[in-house]
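There are 2 protein chains.
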Amino acid sequence: MSVGTVTVATAGAPVQVEDLRREDLHVSVSDPAAASMNFLNEVAGRFPDAVSLAAGRPYDGFYKAQDVDKYLQIYRDHLAASGLSAVAVDRTLLQYGRTNGVIGDLIARMLAVDEAIDVPGQAVMVTAGCQEAMAIALRGLCAGPDDVALAVEPCYVGFTGAARILGVDVVPVPEAPDGLDPEAVLRVARSVRESGRRPRALYVVPNFANPSGVSMPVPARRRLLAAAREAGLVILEDDPYGLFGLDDQPRPTLKALDTDRTVIYLGSFAKSVFPGARVGFLVADQVVVDAAGRRTLLADELSTVKSMLTVNTSPIAQAVVGGMLIEAEYSLRAANRHKVEFYRRNLRTLMAALERQFGDDPRISWNAPEGGFFAVLHVPFEADEDLLEVSARDYGVLWTPMSYFYGGSGGEYALRLSCSALGPAQIEEGVRRLGKLVRDRSS
Amino acid sequence: MSVGTVTVATAGAPVQVEDLRREDLHVSVSDPAAASMNFLNEVAGRFPDAVSLAAGRPYDGFYKAQDVDKYLQIYRDHLAASGLSAVAVDRTLLQYGRTNGVIGDLIARMLAVDEAIDVPGQAVMVTAGCQEAMAIALRGLCAGPDDVALAVEPCYVGFTGAARILGVDVVPVPEAPDGLDPEAVLRVARSVRESGRRPRALYVVPNFANPSGVSMPVPARRRLLAAAREAGLVILEDDPYGLFGLDDQPRPTLKALDTDRTVIYLGSFAKSVFPGARVGFLVADQVVVDAAGRRTLLADELSTVKSMLTVNTSPIAQAVVGGMLIEAEYSLRAANRHKVEFYRRNLRTLMAALERQFGDDPRISWNAPEGGFFAVLHVPFEADEDLLEVSARDYGVLWTPMSYFYGGSGGEYALRLSCSALGPAQIEEGVRRLGKLVRDRSS
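Quick mapping for you: the protein sequence lines, in order, are chains A and B.
Under my numbering, the first residue of the first sequence carries the number 1, and numbering increases by one thereafter.
Under my numbering, the first residue of the second sequence carries the number 1, and numbering increases by one thereafter.
Just chain A, same shape as in the assembly (with noise of 0.2 angstroms):
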């Protein structure tokens, strides 16, 4: 995402009275996460020849604008083809619709094909985005001051920003090495409820996390089920790289192995299909029951939140996104085939070449991860701003500090690695610009 602030034509000018004060403007608009992305674009701006390690976005080279046109008119054909009437049709696109969207029913066939998730088309939300998707699931569930959400750290800056947006609490969960520990969930969501706050929502990446790269395994994934429902905590469950394993092993997710009802999906098509369609979703059928004993669906409940903050996704939009799903076969794991085998070359390239650069130094780490567009590279100097800034001028390359990923202290010593956004020549040369970097500071 890129977070732009410019210094308007009257800086220097004197305060005028109709003048407003950051000062007196919501937290939010300070989100440290932001400012710290604005100073890594600002960064790349200066230095536009430095090899961007830092941008996380997927790769450019498989967009075409003409796939828009495409799937606009494969999704009017499957309309057309179910029963609608041109006039109909129209409307769909066009005109206000359901406020939980109009594609929930192919998402949910493509979770079942792709996912052995088994959830009715009505429990789906499509959202602006899965970053809406957030928000809309934490405004739900945190109903007062009291009301946390457990995270864990280092965590996507997305979800802390909604969280703040919210005024809700973020308590962090400390990843290890092969993710989030059950039992660290328990010590935290204990200590919580002990602070006299209620505990209610967990967000986690199970499947090669943003920023850290980290996978959980299996029976550590089923032992964190037990550990929320222990909790009373309905885990967010993000996951958008999902389908960029580095091989075929089945990675089940929570959701797929939710058996009651413990988690809220959270899921994106930025990666799988193109992040302009902005499309996102959450996968709520959880049962919500009021004073009456009336049994809903929480994705029938959220639409009340998604209808105040954005009425609904817009139509044509989903209709992209549902022409891809439809062109699919509704998976998008045979769909992104190509983009799949794209990625792990460049994981593979990443991890080859910090081999070659750093095998040798018993001082500099990195881990390996199963998948994704991220590793992290530990290593024995502070990677701040200042280094930062150093690293874009004098080395021509460009990296996230771990530490933007925290809350207060951590990461001071790391370094996120992105591989999505190039090619393998330039990961290459991106990493041997970074061994010469680390070579100085180390030496």
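Keep in mind that the hints were calculated from the coordinates and are not lab data.
It is possible that some hints are incorrect.
Identical chains blur together in the list; that is why a pair holds if it fits in one copy or across any two.
No more than 25 angstroms apart at the CA atoms, straight line, and that leaves these computed lysine to any residue pairs for SDA-like [as the list claims (entries may be wrong)]:
1) Lys64 x Ala226
2) Lys436 x Asp361
3) Lys64 x Val340
4) Lys436 x Ala292
5) Lys64 x Arg345
6) Lys64 x Ile74
With chain A's structure known, arrange chain B on it following the hints.
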């Protein structure tokens, strides 16, 4: 907007340990406006032959899905003509993009042509519909629990709903027959300050308001700007109906009259392009000063909030609206002549039909809006949900209880009548049926 709650198949079963209690969810899930809209949708579903004077959506007949293809192509050609390579055009539409959007310059040009609003493109943030613009502006301005928003009452439910999600208190300012009274705004702001809280924002629809149809005279608009300055309020001006006046008399927006950057303008393309794009915008050209004296544009500061809600607005949807603006040579007024004529005829038809039905009855009155989609009928009996049910079942006509648009009491003896979604013959038939109901109830 359609908000559906469906009782799931497990109704009647005992509460399971895994079920969630509705009372544990956030209060916004139980938004009374959403419950009201649910009731209205549910009644409409049970009586499909009832004429709906309740539906405030734009008329379906203007929509052709082929327009989407056409506008997309125009926008792509525009990017290519401005020097972008084919790869860069693809990237603009399909990759992540600038948080505040890519068509801000086109929107600024439209505002200059149509509304004599002179702002730089950088002050425009493109949003996922006007609803998100409201939420972002409110979030940015209201920093803590003591920061409250003032809003005209009766009020569009989307505004109060967004405030509820964010935990921002809304204090009503009663609407007079000729719109918001600047003196009343000052009075309410003063009493808020006396209660130890800070009035930060004022929500108002100066042109043909939803639900009342009321417009503010131009001198009152100028006085409202002065009152807002005096009270330290930022005005949130919502203008979804401004194009649809009964005549061509100029009705300057508050933003066009705003010499002191007192107004954040909230824009919608739902009526002037189509709702399915889900593209809206806000104009925030206020200067923000931080503790170090650094000056930025409020639109840039608010981009952090936008990035944590929806990352950015779908560039595909932006391209559709951008293509329409280019084709219209930046004049929505000119491009919407046929829609303007249609809605004028509808409103005149509604007024004439009301006169025919109720002109002889001194107990019945209604207002005469200068444009827009809505008018209010005052009756000598309670127009509540029970009566709405009777009206749909026994008289075949739907309307909206005005009480839906009040936070507490108010509107009990009034109906909102909408004339946007129907043709003239249906409007006449709807009012004829309403006449029978009103006569039966008043006799």
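**OP:** Classify it for me, Lys436 with Ala292: is the Cα-Cα distance of at most 25 angstroms met within a copy, between copies, both or neither?
**Re:** neither (68 angstroms within a copy, 37 angstroms between copies)
Original post:
Are the CA atoms of Lys64 and Arg345 at most 25 angstroms apart within a copy, between copies, both, or neither?
Top reply: Cα proximity of Lys64 and Arg345: one copy only (22 angstroms, versus 44 angstroms across).
**OP:** Measure nothing new, just compare the shortest in-copy and cross-copy C-alpha distances for Lys64 and Ile74 to 25 angstroms and report within, between, both or neither.
**Re:** both (16 angstroms within a copy, 16 angstroms between copies)
Original post:
Given a CA cutoff of 25 angstroms, do Lys64 and Val340 count as a within-copy pair, a between-copy pair, both, or neither?
Top reply: within (18 angstroms within a copy, 37 angstroms between copies)
**OP:** Up to 25 angstroms between alpha-carbons, please classify Lys436 paired with Asp361: within, between, both or neither.
**Re:** Classified as within: same-chain Cα gap 13 angstroms, cross-chain 90 angstroms, threshold 25 angstroms.
Subject >> Lys64 and Ala226: within-copy, between-copy, both or neither at 25 angstroms Cα >> reply: neither (44 angstroms within a copy, 51 angstroms between copies)
Hint violations for this structure: numbers 1, 4, all remaining hints satisfied.
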